[in-house]
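Using the sequences and the hints, build the whole thing.
Residue numbers (my numbering), protein chains in the order written: chain A, 1 to 256; chain B, 257 to 664; chain C, 665 to 836.
Be aware that a few hints might be false.
Taking lysine-lysine pairs in the DSSO-like style, the calculated list, with each CA pair at most 27 Å apart, reads [what the hints assert, rightly or not]:
1. K719(C) x K379(B)
2. K97(A) x K196(A)
3. K198(A) x K762(C)
4. K699(C) x K167(A)
5. K783(C) x K379(B)
6. K793(C) x K167(A)
7. K793(C) x K712(C)
8. K222(A) x K58(A)
9. K712(C) x K699(C)
10. K128(A) x K537(B)
11. K537(B) x K259(B)
12. K699(C) x K72(A)
13. K167(A) x K701(C)
14. K72(A) x K793(C)
15. K793(C) x K759(C)
16. K47(A) x K383(B)
17. K783(C) x K198(A)
18. K198(A) x K167(A)
19. K167(A) x K222(A)
20. K72(A) x K198(A)
21. K259(B) x K128(A)
22. K58(A) x K47(A)
23. K58(A) x K167(A)
24. K762(C) x K167(A)
Quick caveat, the hints were computed from the structure, so don't treat them as lab data.
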Amino acid sequence: MSDDTSLNLTRRQFLGTSSALAGLAIAPGVFLTKVAHAGDTEAATDKNRWGMLIDTSKCATGCNECVTACNKENGISGTHGPATDAQWIRKVTLTDKQTGYVQSLPLMCQHCANPPCVDVCPTGASMKRADGIVLVDKHICIGCRYCMMACPYKARSFIHEVLEEQKAVAPRGKGTVESCTMCVQRVDANRGEADKSKHVDPACVEACNASGHKAMWFGDLKDPDSEIATELKKHGGQQLRADLQLNTGVRYQGIT
Amino acid sequence: MQKPRYLELEGRSAGYYLLLVILGCFIAAGLAAFIYMEHEGHWVTRMNNQIVWGTPHVFAVFLIVAASGALNIASISSVFGRAIYKPLAPLSALLAMALLAGGLAILVLDLGRPERVVIAMTKYNFKSIFAWNMILYNGFFAIVLVYLWMMMERRFNKYSKVAGFFAFIWRLTLTTGTGSIFGFLVAREAYDAAILAPMFIVMSFAYGLAIFNIIVVAAYGWTQRDLGPAMLMKLRRLLGIFIAAALYFVVVYHLTNLYITQRHGIESFILLGTGEDIYMKVFWIGQILVGGVIPLLLVYAPRLQCRASLVLASVLVILGGLSQMYVTIIGGQAYPLEIFPGKTVTSSFSDGIINAYSPSLPEVMLGLAGVAIAFFLVVFAIKVLRILPQSLADRDVDPHYIAEKQTA
Amino acid sequence: MMQNSRLLQSLLTMAVLALWASITVAEVTGPTIPKAKEMANPDTKCIKPVEDMRKNHMHYLLHQRDETLREGIREEKFKGESLKECIGCHNAPAKDGKVARVSEREHFCNACHSYAAVKIDCFDCHADKPANTEYRHPLGGAIKTSQTGFDSKQLLNQPTLDPVAAKEDKKP
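Structure (structure tokens):
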């Protein structure tokens, strides 16, 4: 490490000339060009509870934009057929047995406040973040699939084969269980962004809005001023399998 | 009645080695299936995102349940003081450990990440009944091992009763835990019932004893050791009681579900069937007829009081037990989740339909390997350890035998 | 006498073994570690001193992974101690756009791990190449001070960017 002298000199040089304009001017395109946002240096807290609201009356039968967007964002693609392929979000068509009324809605992990998948997981791989997002810690998931037995919404998928070309934002691989993360990578990026107008929705919500249906809201259920909380307060929203009292983070309107 | 004398098998016959080789082949086949599944991923099985626990779990849970049941003979002698069973107590403890080892081997080898099984021992979520079961399984090995040691070491014989008592409590807890794996599942209508825990305990009595009977008859028949009618009669009657008790729990379980309107769907699926699925047949023919009614007849019919009928009844109880596990585990998952009551549901993810499943070869191979592991351990252990009493003739085991002679 | 000759025998054997071992060791060449894209910190070269990273990278990664996954604390706090950042800088595409895959010797992680025969399962799930090929370590992380007035080209022109490269450079 004798070469360090020159490096240290260089360092001293630039330290000496550095101004108070910390981190603003950067040698273009060569070195350290990414400006850090500081927000996600702090842990997610229970000051927030991230949730979704879905207005089924606006959800179009046959529209699959949310599913496509989720697959693209998280790098999910078909491999060995529908029986074993992962589905983080799916479109479900309901037909009332009495009235024949048909409606459509997206179904994914409901991000319960009291998630059965977390209760049953032997290793604690199935976990809920402080801000209410239910995730699988694939580092300690042993692939026993007990969470899949326990989930009332069939929200989880097991990876049945070797995967390649995963997205950097969504690590996923053979032998572990996974489900909707509410695009946690986006949620964390939002946390680091003070300007709320720059916040991004999860991929499904973003796509639903972009398609013009605007059937999905994403936001903080604990923030009374958030769009989702206001809408829930005004028009209400129901939980799926409300009888189980899991206090889901995803709510629905218009299931009749 | 004398103190039982235990003797190793000679174990040099061609038959003995042939048996080991056959069992070894099943184990090798199972390991090959494991390597294949592990290398390719689970898509090569017929398990999928709807039927997440398949044939390996049918075998595994059956063996784990039977393991605690196999300890029965030892418990009856140590805890309930029935002297006639005492000579067979060590074999009972050995079989219990062997069956548990076989069952756990399947469970571990079927994991998505079997190489991480150690995580299941180092990271516990104490709210998970699965995590509790890891402790119960490991504890079972430890306690039964100590119990076996107390029984086999003359100096420690006096502690065997205490050890036997602990083992008895532990095995009841263990099967409560196994039943609760399903009993604690709120999501699915076939499960979510407290009765599953005691039902599994009673079933464990029958399954464990059935395997035990077969091993006793085979071991004594093949080695030309004496096995008297008194012992056979005891085993026969015990099996009959356990089969009847298991049937009783099945009736109560289904009656309760039939009373609850919400559960009419799953009940009609299991009891009446859809015409396309096999679960109704597996239930009525496999679990009830083959696993219950016919063995009861074989056990109690006065004209059938022979060794062959006991063995046949035991074999049928095992087949019935596997059928029961198939209906409980796979049938319970095949029935769709009721997320939207009153709605017909369709989706790309098999919502609202009966989930299709049929066992694949690797799954069956893995399951059979678990059974083979259990039998291999027993066959090997009775050669190297003094587990089997030299004789189970009436004069050696039946306390009343001598009493009768004296009074005569 | 018998014992003495045995002692002699074993001593001789040991000596031969030691000689053979030293020759073998001498012949073995270290792994060829691909160069990083650039230095994260002129002081330490990598985000921490290279020796530290070589010895302790797994601990940093392990610590970071739990906090990121379970608490949502992302890379900034960790001064680049995330797998994504390692890959972003150390396994960047070559000039022809080709990126080494983890199955190849040229992959930064695999270069050492295959040499040391230490199997890692990180890339069963994680991407083995950068999502953003223009990736740079974040400011305020690796180096907390400003880069204003600093000519990074001067740094890049140093022949001592990579410690391995540096050693190679010294060879005649």
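Verification of the supplied hints:
1. K719(C) x K379(B): This hinted pair holds, its Cα atoms lying about 26 Å apart.
2. K97(A) x K196(A): With Cα atoms ~44 Å apart, K97(A) and K196(A) exceed 27 Å; violated.
3. K198(A) x K762(C): violated (34 Å)
4. K699(C) x K167(A): holds (24 Å)
5. K783(C) x K379(B): holds (22 Å)
6. K793(C) x K167(A): holds (9 Å)
7. K793(C) x K712(C): holds (21 Å)
8. K222(A) x K58(A): Given pair K222(A), K58(A) holds - Cα atoms ~24 Å apart, limit 27 Å.
9. K712(C) x K699(C): holds (16 Å)
10. K128(A) x K537(B): Given that 27 Å is the threshold and the Cα spacing comes to 41 Å, the pair is violated.
11. K537(B) x K259(B): Status violated; Cα separation ~48 Å.
12. K699(C) x K72(A): At roughly 32 Å apart (the allowed maximum being 27 Å), K72(A) and K699(C) break the hint.
13. K167(A) x K701(C): Given that 27 Å is the threshold and the Cα spacing comes to 21 Å, the pair holds.
14. K72(A) x K793(C): Holds. K72(A) to K793(C) sits at ~18 Å (cutoff 27 Å).
15. K793(C) x K759(C): With a Cα-Cα distance of about 15 Å, the restraint between K793(C) and K759(C) holds, given a limit of 27 Å.
16. K47(A) x K383(B): Satisfied, since the Cα-Cα distance of roughly 25 Å is no more than 27 Å.
17. K783(C) x K198(A): Given pair K783(C), K198(A) is violated - Cα atoms ~41 Å apart, limit 27 Å.
18. K198(A) x K167(A): The given pair, whose Cα atoms are some 23 Å apart, holds under the 27 Å limit.
19. K167(A) x K222(A): Measuring from Cα to Cα gives roughly 31 Å; hence the hint is violated.
20. K72(A) x K198(A): Holds, at about 21 Å.
21. K259(B) x K128(A): Not OK: K259(B) and K128(A) at ~59 Å, beyond 27 Å, violated.
22. K58(A) x K47(A): violated (30 Å)
23. K58(A) x K167(A): violated (31 Å)
24. K762(C) x K167(A): Judged against 27 Å, a Cα distance of about 18 Å means the pair holds.
Taken one by one, the earlier hints fail for this structure at numbers 2, 3, 10, 11, 12, 17, 19, 21, 22 and 23, listed in ascending order.
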